[in-house]
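Asks: Build the full structure now, drawing on both the sequences and the hints.
Here the protein sequences come in this chain order: A and B. Anchor point for the first sequence: position 341 equals 341 in my numbering, and the numbering is continuous, going up by one each time. Anchor point for the second sequence: position 94 equals 94 in my numbering, and the numbering is continuous, going up by one each time.
Think of the hints as simulated: they come from the structure by calculation, not from any bench. Heads up, the beta-carbon is just placed ideally off N, CA and C, and yes, glycines get one too. Fair warning: there could be bad hints in the mix.
Said to hold, decoys possible - Not everything, but these chain B residues come out facing chain A in the computed CB check (under 8 Å):
no., residue
1, A7
2, G11
3, I25
4, F50
5, R57
6, G83
7, G85
8, Y93
9, V97
10, V109
11, Q117
12, G118
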Amino acid sequence: MNELMAMFGAVVASPMIIPAAFGGIAWGILGGALPGISPSITMALLLPFTYGADPTAAVVLLASTYLGAEYGGSIPAILIRTPGTNSAAATVIDGYAMKEQGKAGEALGISLYSTLLGSIFGVILLITLTQPLANVALAFQPTSYVGLGVLGLSVIASLAGESLIKGMMAGFIGLMIATVGTDPVTGLNRFTFDDPELLSGIPPILVMVGIYAVAELFEQSSQPGWRQTNSADASIKMPDALMRARLRVAQVIGAVIGFIEGLTPGGGGTIAAFLSYNEAKRWSKKPEEFGNGSPEGIAAPETANGAVSATALIPMLGLGIPGSNSAAVLLGGFLIHGMTPGPMLFTKHYDVVMGLYAGKVISLFALVIVGYLILRPCIWLVNRPKHYLMAFIFALVLSGVYAIHNSLFHVGIALAFGVIGYGMKYFRIPTLPMVLGVVLGFMVESNYRRALVLSDGDHMTFTEDPIAATLLALAAIFIVISLVRHFRDSLKSGKAEQKAA
Amino acid sequence: MNRDFVAGLLGLVLAIVYYAMASKIQVSQLADDVGPEGLPKIYAWMLGGFSTLLMVRALLQRAPAPAGTAEVKSKEATAARRGLGMLAIGVGYVVLVPTLGYPLCITLVIAIATLYQGGQMSLRTAAISALGALGLWFVFVFLLHIGQPAGIWPELIERLAR
Numbered sequence: 001m002n003e004l005m006a007m008f009g010a011v012v013a014s015p016m017i018i019p020a021a022f023g024g025i026a027w028g029i030l031g032g033a034l035p036g037i038s039p040s041i042t043m044a045l046l047l048p049f050t051y052g053a054d055p056t057a058a059v060v061l062l063a064s065t066y067l068g069a070e071y072g073g074s075i076p077a078i079l080i081r082t083p084g085t086n087s088a089a090a091t092v093i094d095g096y097a098m099k100e101q102g103k104a105g106e107a108l109g110i111s112l113y114s115t116l117l118g119s120i121f122g123v124i125l126l127i128t129l130t131q132p133l134a135n136v137a138l139a140f141q142p143t144s145y146v147g148l149g150v151l152g153l154s155v156i157a158s159l160a161g162e163s164l165i166k167g168m169m170a171g172f173i174g175l176m177i178a179t180v181g182t183d184p185v186t187g188l189n190r191f192t193f194d195d196p197e198l199l200s201g202i203p204p205i206l207v208m209v210g211i212y213a214v215a216e217l218f219e220q221s222s223q224p225g226w227r228q229t230n231s232a233d234a235s236i237k238m239p240d241a242l243m244r245a246r247l248r249v250a251q252v253i254g255a256v257i258g259f260i261e262g263l264t265p266g267g268g269g270t271i272a273a274f275l276s277y278n279e280a281k282r283w284s285k286k287p288e289e290f291g292n293g294s295p296e297g298i299a300a301p302e303t304a305n306g307a308v309s310a311t312a313l314i315p316m317l318g319l320g321i322p323g324s325n326s327a328a329v330l331l332g333g334f335l336i337h338g339m340t341p342g343p344m345l346f347t348k349h350y351d352v353v354m355g356l357y358a359g360k361v362i363s364l365f366a367l368v369i370v371g372y373l374i375l376r377p378c379i380w381l382v383n384r385p386k387h388y389l390m391a392f393i394f395a396l397v398l399s400g401v402y403a404i405h406n407s408l409f410h411v412g413i414a415l416a417f418g419v420i421g422y423g424m425k426y427f428r429i430p431t432l433p434m435v436l437g438v439v440l441g442f443m444v445e446s447n448y449r450r451a452l453v454l455s456d457g458d459h460m461t462f463t464e465d466p467i468a469a470t471l472l473a474l475a476a477i478f479i480v481i482s483l484v485r486h487f488r489d490s491l492k493s494g495k496a497e498q499k500a501a
Numbered sequence: 001m002n003r004d005f006v007a008g009l010l011g012l013v014l015a016i017v018y019y020a021m022a023s024k025i026q027v028s029q030l031a032d033d034v035g036p037e038g039l040p041k042i043y044a045w046m047l048g049g050f051s052t053l054l055m056v057r058a059l060l061q062r063a064p065a066p067a068g069t070a071e072v073k074s075k076e077a078t079a080a081r082r083g084l085g086m087l088a089i090g091v092g093y094v095v096l097v098p099t100l101g102y103p104l105c106i107t108l109v110i111a112i113a114t115l116y117q118g119g120q121m122s123l124r125t126a127a128i129s130a131l132g133a134l135g136l137w138f139v140f141v142f143l144l145h146i147g148q149p150a151g152i153w154p155e156l157i158e159r160l161a162r
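Replies: What follows is the structure, given as structure tokens:
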């Protein structure tokens, strides 16, 4: 109750919080919807503008941008099969499939509704559990990160589709890509071809833009024009009661996983989205619809993304540990105004923290209003002639990729991954395992080796850390269940073929 | 050779090349027990193993080519050629943008890609390309303050002004 009063007082004392929340959401959706512009870049672009602003309004602006960008990433994921952000990659699968079925408005409605629910859940946890829950993240050691990474990689077995062998191949190719750059322990260069642009590795967003957007553009160039979305489809369809009931389990899964991953430094929205997609498929009554336009396939990752955008702030605010790039940029926003996030923040700048909480609540309303208004122009876009849209998207991708690091070399890398993605489609190799390998590879390797250095090369260290042991056991269970399912499905299809013969 | 066999073969070649490169990584005095080449070598072995499995499976499951295969292959070859055309537009952009500058180059990308995708060469296409480029410039350069390549124009204008 005291916190509610303090939040209300913060809004009265700093009314600029309200326009900051609305502005941040609008800016975030715009940035998140642009392929190649991640939430952290969208937020970082705002940093120079916050210097002269009221500190509370400044941090609210940045935090709202984070939420807006997490939602904005799903718009191109659904409409043009291009994840605007890393964490929207899982939404591409069923979101684009629904769009292809003429259900773009419904898919976007599910995305907005799920992001909102995830955010509400996340904001409640942010307000009530910040300090106690942050202690869990504090206990994480390198061994725990390895467990987390292996758990994320275990999803490959489920995402492999029709062929487990091809899925594993793709996963290892992803892990190989993640080794490009400076070695995390010795600092030696690996697979860089003496090119300084490769020293910091290949950014995962380039891989995603390449294999999703560029490869899709290559493929679309030989495909006939897609079916236009008719006027009925073009109106935003928020889920009805029946659909809301159907989505409930997937949203609970997304919210819980989003909470855990948001709290875990290094976890982040991408892992949360893929894990929740996988779990939603596992618990769904209609798992066969996943990959073919399942509403739950959108709801789970989007709920997770919404939750992460709030819970990722818990270790940052409570301990000063940014769990993701976006949280790091928000931490930068605090530092600009002479405030150091951590336990002392609550005593020294209690009013700013309460203002931030109030801003997060206001941004939930802003998400619905601004999100609803911005969706209509997006659906209008889908109805434009295909050749104009494809050409414009190609130009947008080239511009967006350049904007990440002002590098034409990166544009070349994205085009190269477009060719790789096109080739993978031709050979029917799933691309998602490769993305997971790229996203998790560095975290797994760097922490695995640090853990071994700390334990003098003793691998038992991974079982001695209870968090790591639990995560590794969960990964083992996931893999065994997936293998059993694959072999069972193979046997079934073999028997069906024999009968048909 | 069927498609899976070729995919396996490509995977195997990649694994061998990657392993060879991993073997050439410098040895450091600071190296830990695993070393900078440790996990890359394991990844190469794993990729090589799975690629070989795929090839073996492809050979064991070899089935007679279904009717119409030649037609399908011809369509796929055409699709691949069209995809390569888009790649060429992208590569052309990367090569030319440092000289021609962002506004002109991105206008050309939109116009050429539109025509390549089946659009008509018309005043409308030209106008949409120019407006599209203007829109992108507005968002990236004006709104987001992300500098895009200016090309030779600023220098040229400066010289002419002198």
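Asks: Mind listing which of the numbered hints don't hold for this structure, in increasing order?
Replies: Structure breaks no hint.
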